[in-house]
Structure formats: C-alpha cells, structure tokens
Amino acid sequence: GTMLAYGIGQVFLKVGTSGTSAATMVLLTSMVVGPIWAAWYLTFRDDVTLTAYAVAVPLLGGLLSTMGNILFLEALSRGNVSLIGTLVATYPCVTVIAAFFLLDERLSVIQYAGVGLIIIGILGLSTGRSDASPSASRTGLILAVASFLAFGLMGVTLKEAVSLVGNDNAMGFYALVYIAGGLIYWSLRRRGHPEESLSRMPRRAVGIGSVGLAFGAAGGIFLIWALVDGPASIVIALSGAYPIVLISLALVFLKEKIVVRQVPGFLAVLAGLPLVSL
Numbered sequence: 001g002t003m004l005a006y007g008i009g010q011v012f013l014k015v016g017t018s019g020t021s022a023a024t025m026v027l028l029t030s031m032v033v034g035p036i037w038a039a040w041y042l043t044f045r046d047d048v049t050l051t052a053y054a055v056a057v058p059l060l061g062g063l064l065s066t067m068g069n070i071l072f073l074e075a076l077s078r079g080n081v082s083l084i085g086t087l088v089a090t091y092p093c094v095t096v097i098a099a100f101f102l103l104d105e106r107l108s109v110i111q112y113a114g115v116g117l118i119i120i121g122i123l124g125l126s127t128g129r130s131d132a133s134p135s136a137s138r139t140g141l142i143l144a145v146a147s148f149l150a151f152g153l154m155g156v157t158l159k160e161a162v163s164l165v166g167n168d169n170a171m172g173f174y175a176l177v178y179i180a181g182g183l184i185y186w187s188l189r190r191r192g193h194p195e196e197s198l199s200r201m202p203r204r205a206v207g208i209g210s211v212g213l214a215f216g217a218a219g220g221i222f223l224i225w226a227l228v229d230g231p232a233s234i235v236i237a238l239s240g241a242y243p244i245v246l247i248s249l250a251l252v253f254l255k256e257k258i259v260v261r262q263v264p265g266f267l268a269v270l271a272g273l274p275l276v277s278l
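Residues 1 to 278 (this note's numbering) make up the sequence shown, in order.
The reader is advised that the hints may include incorrect statements.
[What the hints assert, rightly or not] Label pairs and their computed distance ranges (CB to CB): (1) K255 / A113: 34 to 42 Å; (2) F253 / L102: 36 to 44 Å; (3) T49 / K255: 52 to 60 Å; (4) S137 / A113: 33 to 41 Å; (5) G207 / L42: 21 to 29 Å; (6) E256 / R106: 39 to 47 Å; (7) A113 / R138: 32 to 40 Å; (8) S187 / L50: 40 to 48 Å; (9) F101 / D229: 19 to 27 Å; (10) A52 / L183: 23 to 31 Å; (11) G1 / T43: 13 to 21 Å; (12) V259 / R191: 20 to 28 Å; (13) R45 / V260: 14 to 22 Å.
Rather than coming from a laboratory, the hints here were simulated on the basis of the structure. All residues carry an ideal CB built from backbone N, CA and C; glycine is no exception.
Take the sequences, apply the hints, and build the full model.
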C-alpha cells in the first residue's frame with residue numbers, strides 16, 4: 001500500500017510541480033501532509049503514558065524525515081536527478097544496517113537476499129533516468145548524502161516510535177514536526193526571496209501537487225501500520241521500491257519510455273518482493 005501510494009503521488013507531483021523551488025515545495029508539503037496526519041491522530045489517538053524517551057524518539061523521527069525531504073529537494077536544485085536520486089534512493093540499506101545493530105532485528109538469509117535485490121533494483125531504476133550527463137556540485141553531493149542518511153535512520157526511529165507510543169499517536173508527533181519544520185524552513189528561506197510563495201505558483205501546480213502529496217500522506221499512514229508488525233528492514237525496503245510503480249504509471253499515463261538500463265532494476269525488485277515474505 002505504501003509503495004503504491006508513493007508511486008501514484010510522485011506521478012501527480014511530477015506533473016504539477018515541475019520547476020517549483022525547493023522552499024516552496026517544503027511549504028506545500030507541510031500544508032498538505034501535516035494536516036492530514038494531524039487529522040488522523042486526532043481521530044484515532046490512544047491514551048498512553050509518555051516518558052521523555054517516548055517523546056524524544058518520535059520527535060527525532062519526524063525531524064529526520066523532514067530534514068531528509070528538505071535536504072533532498074535542496075540537493076536536486078544543485079544537481080540533476082540521475083545522480084542525486086541515485087544517491088538518496090538506496091537509503092533502505094542504512095535502515096537495514098541500523099536495524100541490525102540498534103533494534104536487534106534478525107532476518108532469515110532468504111529475507112536478506114530479498115531486501116538486497118530490492119535495494120539493487122531501486123538503484124537500477126534510479127540510474128536509468130534520462131539525464132545525459134549526471135552531475136552535481138560539491139554542496140549538492142553533500143546534501144544528497146545527508147538526505148540518504150536522514151531517510152535511512154528515520155526508518156529505525158519510526159519503528160521504535162511505533163513500539164513506544166503506537167502507530168496512530170506517532171502520526172501526531174510527525175504531523176507536528178512536519179508543520180512546524182516546514183513553516184520555519186520556508187520562512188527562513190523566503191527572506192529576500194518574495195518569489196518563494198504558494199501565491200506565485202500556478203493554481204494547477206498547487207492543485208495537482210497537493211493531490212500527489214495527499215497520496216504521499218496516505219503512504220506514510222500505511223508505512224506506520226506496516227511497522228506495527230513488520231521489521232523495519234523489510235518495510236523500509238519495500239516502501240523505497242515505489243519507483244517501480246512510478247515508472248509503470250508514467251509509461252501508461254505520461255507516455256514516457258522505459259530505458260533499457262531500468263529493466264534489470266524492475267526484474268530485481270520483482271524477484272525480491274516474494275523473498276522478503278518467506
């Protein structure tokens with residue numbers, strides 16, 4: 001469900017917000033995703049006893065997720081998607097390693113093989129993008145690596161947050177950080193840049209982009225549900241494989257063509273999916 005929601009959402013985002021600045025996209029994300037998660041929390045929240053640790057972990061997870069998104073968008077503004085996207089796309093490998101040491105997760109050999117195939121497949125799908133000459137500034141590469149680490153560690157903190165406060169309550173913490181973090185970042189970036197405003201975006205971009213972000217918010221809810229019973233190593237790897245959905249939909253609806261280099265990535269993901277459930 002997460003993989004499907006993320007893939008559909010990315011199609012809408014690609015159509016609606018092409019050329020939009022990073023700061024404006026962060027603002028739009030906070031105004032769409034944050035309220036949806038907040039509404040979910042207010043509807044389904046549970047009464048739990050909160051300790052300092054139980055509060056700190058989901059707040060840290062929300063911060064890592066928010067920072068990962070900001071860093072990725074800023075990296076894209078300093079390099080093309082074929083290089084930046086490839087670096088960030090393999091963040092599930094950070095989750096797998098961190099979950100092994102921090103959460104004491106142990107998968108079977110077959111499951112690790114499935115996770116490995118999925119990560120390799122994600123890499124293959126990302127490297128098959130159409131940019132002719134992958135390039136990025138040094139700052140762009142640093143931001144991409146930071147985003148890669150933030151997203152990877154987010155998976156571990158999210159799993160721990162679900163175990164501490166429950167999946168629905170975790171949404172409340174994430175909503176708070178997304179809204180506050182997005183508004184703070186946008187307000188800081190907007191100084192001296194009046195063009196960094198949703199009012200300057202075409203209504204079509206705001207509307208279609210918001211639909212894509214709403215699908216992304218639903219994917220986040222599915223992701224937290226999956227982490228209730230599923231190991232972070234498997235759940236994050238599966239959710240990170242959303243490019244297979246994105247590219248499939250782009251073939252049909254956006255009339256894009258699949259690149260030969262992407263075919264092995266498709267096959268690797270398809271081979272890994274059944275293995276992780278064994």
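These are the hints, each one checked on the structure:
no.: 1; hint: K255 / A113: 34 to 42 Å; result: 36 Å, holds
no.: 2; hint: F253 / L102: 36 to 44 Å; result: 40 Å, holds
no.: 3; hint: T49 / K255: 52 to 60 Å; result: 54 Å, holds
no.: 4; hint: S137 / A113: 33 to 41 Å; result: 37 Å, holds
no.: 5; hint: G207 / L42: 21 to 29 Å; result: 25 Å, holds
no.: 6; hint: E256 / R106: 39 to 47 Å; result: 40 Å, holds
no.: 7; hint: A113 / R138: 32 to 40 Å; result: 36 Å, holds
no.: 8; hint: S187 / L50: 40 to 48 Å; result: 29 Å, violated
no.: 9; hint: F101 / D229: 19 to 27 Å; result: 21 Å, holds
no.: 10; hint: A52 / L183: 23 to 31 Å; result: 25 Å, holds
no.: 11; hint: G1 / T43: 13 to 21 Å; result: 19 Å, holds
no.: 12; hint: V259 / R191: 20 to 28 Å; result: 41 Å, violated
no.: 13; hint: R45 / V260: 14 to 22 Å; result: 49 Å, violated
Checked against the numbered hints given earlier, the structure breaks hints 8, 12, 13 and satisfies all the rest.
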